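Student: Protein chains in written order, with this note's numbering: chain A, 1 to 414; chain B, 415 to 828.
No lab work stands behind these hints, which were simulated from the structure alone. Each hint should be verified, as a subset may be incorrect.
Straight-line Cα separation of at most 30 Å, DSS-like style, residue types lysine-lysine; simulated pairs [to be verified]:
1) A:K197 with A:K147
2) B:K802 with A:K197
3) B:K519 with A:K388
4) B:K611 with B:K519
5) B:K561 with B:K519
6) A:K234 with A:K105
7) B:K611 with A:K388
8) B:K519 with B:K648
9) B:K802 with B:K611
10) B:K802 with A:K105
11) B:K561 with B:K648
12) A:K234 with A:K388
Every value quoted in this text rests on a predicted model; they were computed, and no experiment measured them.
The lines below spell out each chain.
Number of protein chains: 2
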Amino acid sequence: MSRRGWLGTAGVGVVAAGAGVVAGRASRSGGSASESAGAFAFRGEHQAGIVTPAQDRLHFAAFDVHTETRAELIELLRTWTAMAERMTGGQETTENGAVGDGQYKPPSDTGEALDLGPSGLTLTIGFGPSLFTTAEGVDRFAIAARKPAALADLPKFSGDALEAARSGGDLAIQACADDPQVAVHAIRNLARVGFGKVSVRWSQLGFGRTSSTSTSQTTPRNLLGFKDGTRNIKAEDETEVDRSVWVDGHDDQAWMAGGSYLVARKIRMLIEPWDRATLHEQERVIGRAKGSGAPLGGSEEFDEPDFAAAGASGPLIDRDAHVRLASAEELNGIQILRRGYNFTEGSDGFGHLDAGLFFIAYCRDPQRQFVPMQRNLARNDALNEYIKHVGSAVFAVPPGLGPEDYWGSSLFAP
Amino acid sequence: MSRRGWLGTAGVGVVAAGAGVVAGRASRSGGSASESAGAFAFRGEHQAGIVTPAQDRLHFAAFDVHTETRAELIELLRTWTAMAERMTGGQETTENGAVGDGQYKPPSDTGEALDLGPSGLTLTIGFGPSLFTTAEGVDRFAIAARKPAALADLPKFSGDALEAARSGGDLAIQACADDPQVAVHAIRNLARVGFGKVSVRWSQLGFGRTSSTSTSQTTPRNLLGFKDGTRNIKAEDETEVDRSVWVDGHDDQAWMAGGSYLVARKIRMLIEPWDRATLHEQERVIGRAKGSGAPLGGSEEFDEPDFAAAGASGPLIDRDAHVRLASAEELNGIQILRRGYNFTEGSDGFGHLDAGLFFIAYCRDPQRQFVPMQRNLARNDALNEYIKHVGSAVFAVPPGLGPEDYWGSSLFAP
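Chain A on its own, in the form it takes in the complex:
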C-alpha cells in the first residue's frame, strides 16, 4: 500500500495492515482491560502505553542527550530497558535495588515505590528529531540516514506561543500508572541512572486522563468540564488502530515497523474567561452538551454528531465548533489516538491557576495526521479564545520489544 493510499480509505481495505509484520512478537501490548493494580507486558509487538487502557496518572520527561558516542547511548538504552522491564513488572522489593545491594553502596533503586506493586505502570520511549541530526546538522550517533520523514519538526501553527524550555527534546519517556508515586519513581530512576549522559529538558505531571483509549473505560472530563475523548480511537477497534496508529514499515523506515509517532502539546487553558462564559457559549464552542456529553442535537454521549443538522441560524453544530473541526468527517478521514492528561501547576503569577491539558497523540504519520488537523483547529477553532499552546514536541516511538531487544534496538541494528 502506498504512503498516499492509506489516508482517506477510512478503514476499507486496510484490515490487519500491521498484523504479522513484526514476526516473533507474542501479543499486542495492552490490548486487555486494565487491572488497576496489575502489570502490563513490557515486551510485545508494540510498546505498551499507547493503546493500553489509559491509566490515571502521567509523568512525562523529555531529555537532552549529552553523550557524544553511539556506544554509550546504546549502553544507556540497554540499561534503561532492563530497569523499565523490572519496574513495569513491579519488581521493586526489599530484596533487591532499594536495600539489597549492601550497606556501602548507593542503592540501585531509590525505594519510594517499594510495596506499591506495578500499579499498571507502562514506560514508552520515543526519539526526537534532534537525536538524528542536531540543529547544526551533525549526525552524532550515525543514525541520520534512518531519520523518518514523518519525524520532521512540527510547523508553527497560528497562535502558537511555544516556550523553548517546554518544547523539543532528543528523547522522551512517557510513564503512565494508576499511582503517581509509581510513575514519578520510574522517571526519577531513569533520569538518575542517565546522569552525565542525559538530562531532563522538561517534564510534565498529569492526572485525570482526558481521553479513554478503551471501550472498557468511561469518558473522563477535562478542566473545561467537558467529557473528552468520546470519539477517540479505542484499542478494541483494531482496524482503525492499524490504519491510524501503527507504522507498517512499507511507507516508512523499516526500523519503525510496529512503532508510532507521539505528538505532545502543552495546552494552557485560560480557565477564567472560560468560567465566565455562559453554558450556551461553552456548548457552542465544543459542540456538545456539557452534562451528558451528547453532540448538540443528540441525546446520548455516543450518538454520532449530525454536522448537517440546521439550527436557528446556521448549522446546529457551529461551523467553528471544536467537535466539528477535529472530526474525521471534516478531515478526510484523519484520526489520531489521544492520550492526554489534565495538569495544574500552581499560580500563573496573576492570581489565577495555571492549568490545562497535556495533549498526547499517537499517530502513524504526524505530518499527514496531526499537522493538517492542528492547522484546521489553529485557524478556525472557536476554542482558541480559551486555550494557548505553550509547549510542543514530536517523537518517533519505536516498535515493541522481542525477547532480546532493547529500547531502540531496531534503530541501532547494524
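Given the coordinates of chain A, assemble chain B onto it according to the supplied hints.
Tutor: Same frame as chain A, now just chain B:
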C-alpha cells in the same frame, strides 16, 4: 490549665482537655476510618482534614485578600462555606451547578468533578498573620485585637532559603481527596468565586501522602525512599491529639477553641546527592532501616527507637539522626501532627527533577511546638545536607462549624 503547663506533661492529666469546650457540635470530624469514595462530615467540633485519615492527594492554595471591607470578606467566607459543604458532600450533579442554571448564565460550577463523587474530599481553612495586621500595621478587617499570639510569623531558621512567592498568604485552603481532579476542582472553584476579592498567591499539588494520621493506614514512603510518619500522632490517640493539636480556648483567643495551627514548609529534596549516598549513610542520616522502617537496632517498624543504645563508635542512632532530633524524647515531649505530601515539579533547570516534601503540620501552638523542633533540626539534622526549605507559611485554623456557622464565624462574631 496554664499555657505553660501543657507542654512537657506528655499526656498526663490532660485527658479530654478539648472535649466539651465547643458545645453543640456533633462529633469529632474525621475520626472514623476513611472510605476512599465516601464523604467526611463538613460540620463538627473540629474542621475535617486535620485528624481525618490522610487522603492520597493534595491541592493547597494560599490567597492574598484584596477586598478592603470586612463585610465583603465575610460574605465571601459565607459563600465559600456553602460551596465547600456542597463539594465535600459530592453534590455536584448535572441537576445543579455545572449545567442546571440555564443556558444563558455562566455555570455556577465548572463541572470537571461531575460524577466523581466526594472522593473523601476535605476542605480546611486557615487565616494567616497578615489577615489580622498588614506589614504596615493596618487592621483592615477590625480583627487585629483577636490575633493569636501563637500566630506570629515564624522566625528565620538556619539554612532557610525561602522564596517570597512561595511563602505566606492572608488565608489558605487545604483540599485533600483521594482523586486529584476532585481536589483541584474544589480549589479552582473557590478561587473562581473569589475573583476580585482574593487571588491565588501560591499553590501546591501533592501526591502520595507522607504521613499516616490513623492507625488504620500503612506508613507511606517519602521521595527519599523512607517510611515517613511512623511515630506521627494518630487520630485514635485522642489524649495526644487533645494535648498537641487542638487549641483549648483557655490559653489562646476564645475564637480559636477547637481550632489548631497549620505550618506549611515546602522542602526541596536534593535527590541527586541523596541518591548517590550509600545505604549506610542514608540510614544513619534518618536513623531507621530503609526497607522495614525499623529504628536502627530494632527489627520492626513500630519498635521504639533506643536512643541510648551504643554502636561501634558513639550511639547506635547517630546524635544528628533525623529520627532522634525530631523525637518527643529529644524535645521535652513536643509532638506535632504531620500531614505532608510528596511533590514533583518538572526540571529544576539543571537537568534534575525538582521534587520534595510539602510538609504540613498541625499543632496547638507553633511557637512552642514547631519552632523549637525546627530550630533543633535546622541546626543539627544530618538530613540538612540533602534538603532545602524554600517555602514557609503559618495559619490559624478555626474550629469546626456548628449548624449555622461559616468559615471564620467565631473570629468575626461581634
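Student: Does each hint fit the structure? Answer for all of them.
Tutor: Structure-based check of each hint:
no.	hint	in the structure
1	A:K197 with A:K147	holds (21 Å)
2	B:K802 with A:K197	holds (26 Å)
3	B:K519 with A:K388	holds (24 Å)
4	B:K611 with B:K519	holds (21 Å)
5	B:K561 with B:K519	violated (40 Å)
6	A:K234 with A:K105	violated (46 Å)
7	B:K611 with A:K388	holds (26 Å)
8	B:K519 with B:K648	violated (46 Å)
9	B:K802 with B:K611	violated (33 Å)
10	B:K802 with A:K105	holds (24 Å)
11	B:K561 with B:K648	holds (29 Å)
12	A:K234 with A:K388	holds (27 Å)
Hints 5, 6, 8 and 9 from the earlier list are contradicted by this structure; the remaining hints agree with it.
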